Amino acid sequence: DAGVIQSPRHEVTEMGQEVTLRCKPISGHNSLFWYRQTMMRGLELLIYFNNNVPIDDSGMPEDRFSAKMPNASFSTLKIQPSEPRDSAVYFCASSGTVAFFGQGTRLTVV
Amino acid sequence: AQSVTQPDIHITVSEGASLELRCNYSYGATPYLFWYVQSPGQGLQLLLKYFSGDTLVQGIKGFEAEFKRSQSSFNLRKPSVHWSDAAEYFCAVGPMEYGNKLVFGAGTILRVKS
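Chain order of the listed sequences is A and B.
Each residue of the first sequence is one higher than the one before, counting from 1 in this note's numbering.
Each residue of the second sequence is one higher than the one before, counting from 1 in this note's numbering.
Treat the hints with care, since some could be wrong.
As the list claims (entries may be wrong) - Part of the chain A face toward chain B, derived, beta carbon under 8 Å: (1) Gly42; (2) Leu45; (3) Phe65; (4) Phe74; (5) Val98; (6) Phe100; (7) Phe101; (8) Gly102; (9) Gln103; (10) Gly104.
Stated by the list, open to error - Quick list of in silico lysine-lysine cross-link-like pairs, BS3-like style, CA-CA up to 27 Å: (11) A:Lys68 with B:Lys101; (12) B:Lys49 with A:Lys24; (13) B:Lys101 with A:Lys78; (14) B:Lys49 with B:Lys68; (15) B:Lys101 with A:Lys24; (16) B:Lys101 with B:Lys49; (17) A:Lys24 with A:Lys78; (18) A:Lys68 with A:Lys24; (19) A:Lys68 with A:Lys78; (20) B:Lys101 with B:Lys113; (21) B:Lys68 with B:Lys101; (22) B:Lys101 with B:Lys61.
What the hints assert, rightly or not - Calculated Cβ distances over 10 Å to all of chain B for the following chain A residues: (23) Met60; (24) Ala67; (25) Lys78; (26) Ala93.
Hints in this document: simulated from the structure, not taken from any laboratory.
Computed from a prediction, not measured in an experiment: that's the story for all the values here.
Ideal Cβ positions, reconstructed from N, Cα and C, are used throughout, including at glycine.
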């Protein structure tokens, strides 16, 4: 298996634009997580899904953030509209009993 | 609420010296415990995990960790550090359901001097 695949690896966008981050989990894993990593706040869990169903989205910072998992092999995290303070590295992870992380998407909002 | 404390933000050790990174957790039940490593610009890689059984667990790259229930600790150790071990290390705790919704510590940055 190629592991958790995230795209794009880097994204630079202007404030106010919509940003969509993508994740393909490891086949057979039934849980998927979106994390955000910043220097100030470390690793924060934004939302996680179990069997494609959102279980806990209490970490989603604002209504500008939304996440979907239409099927077991794909998830998106959308920010609309984006703001400079959203600049961070966003990680997707999938898990059976152990969580494996993707390489992350480095988002810069200017 | 569960939490993880890594009291050392930075640690510097000489190459070849031993290493211990501290991790304390707060959890209402017996958790799953993990150590991950993150190299610059990379994702998090699993070093080792504890679910149950032997409290001394072995991981990749020569790392080991010991679960001490009485101290709520899960410290990471390596007998001889290599320059390539320089990275950031994260301790994490998770429940025994829902595929581990992990709570991470703030991380410890390891610097290795030659």
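List in ascending order the numbers of the hints, as given earlier, that are violated by the structure.
3, 4, 20 and 26
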